[in-house]
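Protein chains: 2
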Amino acid sequence: MARWEPNARERLVVAALDLFAEQGYDATTVRQIADRAGLTRTTFFRHFPDKREVLFAGQDTHARLLSEAIGTAPGAAGPLEAVGAGLDALAASFPAGRRDFGARLLAVVAHHPELRERAAFKHAGLAGAMAEALRTRGVPEPSASLAAELGARAFDTAYARWTAPDNAEPLGLLAGEALTELRDAAAALA
Amino acid sequence: MARWEPNARERLVVAALDLFAEQGYDATTVRQIADRAGLTRTTFFRHFPDKREVLFAGQDTHARLLSEAIGTAPGAAGPLEAVGAGLDALAASFPAGRRDFGARLLAVVAHHPELRERAAFKHAGLAGAMAEALRTRGVPEPSASLAAELGARAFDTAYARWTAPDNAEPLGLLAGEALTELRDAAAALA
Numbered sequence: 001m002a003r004w005e006p007n008a009r010e011r012l013v014v015a016a017l018d019l020f021a022e023q024g025y026d027a028t029t030v031r032q033i034a035d036r037a038g039l040t041r042t043t044f045f046r047h048f049p050d051k052r053e054v055l056f057a058g059q060d061t062h063a064r065l066l067s068e069a070i071g072t073a074p075g076a077a078g079p080l081e082a083v084g085a086g087l088d089a090l091a092a093s094f095p096a097g098r099r100d101f102g103a104r105l106l107a108v109v110a111h112h113p114e115l116r117e118r119a120a121f122k123h124a125g126l127a128g129a130m131a132e133a134l135r136t137r138g139v140p141e142p143s144a145s146l147a148a149e150l151g152a153r154a155f156d157t158a159y160a161r162w163t164a165p166d167n168a169e170p171l172g173l174l175a176g177e178a179l180t181e182l183r184d185a186a187a188a189l190a
Numbered sequence: 001m002a003r004w005e006p007n008a009r010e011r012l013v014v015a016a017l018d019l020f021a022e023q024g025y026d027a028t029t030v031r032q033i034a035d036r037a038g039l040t041r042t043t044f045f046r047h048f049p050d051k052r053e054v055l056f057a058g059q060d061t062h063a064r065l066l067s068e069a070i071g072t073a074p075g076a077a078g079p080l081e082a083v084g085a086g087l088d089a090l091a092a093s094f095p096a097g098r099r100d101f102g103a104r105l106l107a108v109v110a111h112h113p114e115l116r117e118r119a120a121f122k123h124a125g126l127a128g129a130m131a132e133a134l135r136t137r138g139v140p141e142p143s144a145s146l147a148a149e150l151g152a153r154a155f156d157t158a159y160a161r162w163t164a165p166d167n168a169e170p171l172g173l174l175a176g177e178a179l180t181e182l183r184d185a186a187a188a189l190a
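Sequence order for the protein chains is A and B. If you read the first sequence in the UniProt record's numbering, its first letter stands for residue 1, the second for the next number, and so on. If you read the second sequence in the UniProt record's numbering, its first letter stands for residue 1, the second for the next number, and so on.
Derived from the structure by calculation, the hints contain no laboratory data. Ideal placement from N, C-alpha and C gives every residue a C-beta, glycine not left out.
One-sided excerpt, in silico: chain A residues whose CB lies under 10 Å from chain B: (1) THR157; (2) ALA178; (3) GLU181; (4) ARG183; (5) ALA186.
Label-pair distances were calculated between CB atoms; the ranges are: (6) PHE101/B - ASP18/A: 39 to 47 Å; (7) GLU114/B - GLY138/A: 32 to 40 Å; (8) PRO140/A - PHE45/B: 40 to 48 Å; (9) GLU141/B - PRO140/A: 23 to 31 Å; (10) GLU141/B - ALA77/A: 21 to 29 Å; (11) ALA188/A - ARG98/B: 34 to 42 Å; (12) ARG64/B - GLN23/A: 31 to 39 Å; (13) GLY97/B - ALA160/A: 37 to 45 Å.
Construct the entire structure; sequences and hints are all you get.
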């Protein structure tokens, strides 16, 4: 019978990121992550299939937040307005105290091709979830996928700016700004 | 001393795709791929690090074709025109006889999350190469990355249409059409 481990998931994520940053991703084992978190390997594998997935644990939650907010945006909202509502909902799920974690996460991902590949897949997954929610609103292709891609890019940009050392702006505001920049760039290109 | 194996790379790619389609990706080993191609495991590993990479062997060549054509597009060409020149060059590198191979490749990739992930990374890699070539032309961000993303999406769309059973249009024409559709969608969104 499994013991209830309070915050096991969060503790494993923090332990993994600490170890990846300290000694490198390749050198870090699941056992070390579990030890650092004060948990067992069995508990680790109850939460994650492998050490790579630890850093992308929030993907399903993020996709759901985006989809729900896009789905419940006012009927009169255009595709990019609905995407903006999705980004607001997603941004609100990141506590301000997560900024330092985010900065270290981006640094670790940037240094490992295997993690960059997984990040590209997460980007595509979140864009796909937004596109699906937009199609459900009646937005045709390729507009739905394009608006979703702008949303995913806006969030990536905003997250990088949010975690920058000198930033004082909230994530939601930065996401809105980045989406506006991308909309203007799309207008200029077209 | 390694023997010269004519067309070893191409033979390995075809053998791998045949086996993935016949018996599944997970069940296929490097040894089986090499056997089917009439080559050795050593020869396989001279060309590819693992069985997954076999299906994405063209990525570096594709990135180079895109970059060079974008770099040598007329100075007066706008970002999307330069991207269009890149897509023309890339499309021209696919012989018409590769359509059936392409259809089977898309089917195998669609059925395996591991391959879909790698395909998303290839998409991001090609978009990144185009964005870099556009920045070199003086296109600022986020316009460069956005135009590059439209190009990568246009090519994905065109490749899927090109390999469809009832298609009779050449890949380059389809890529140009897809890019126009995306440009129009961008204009409508913005």
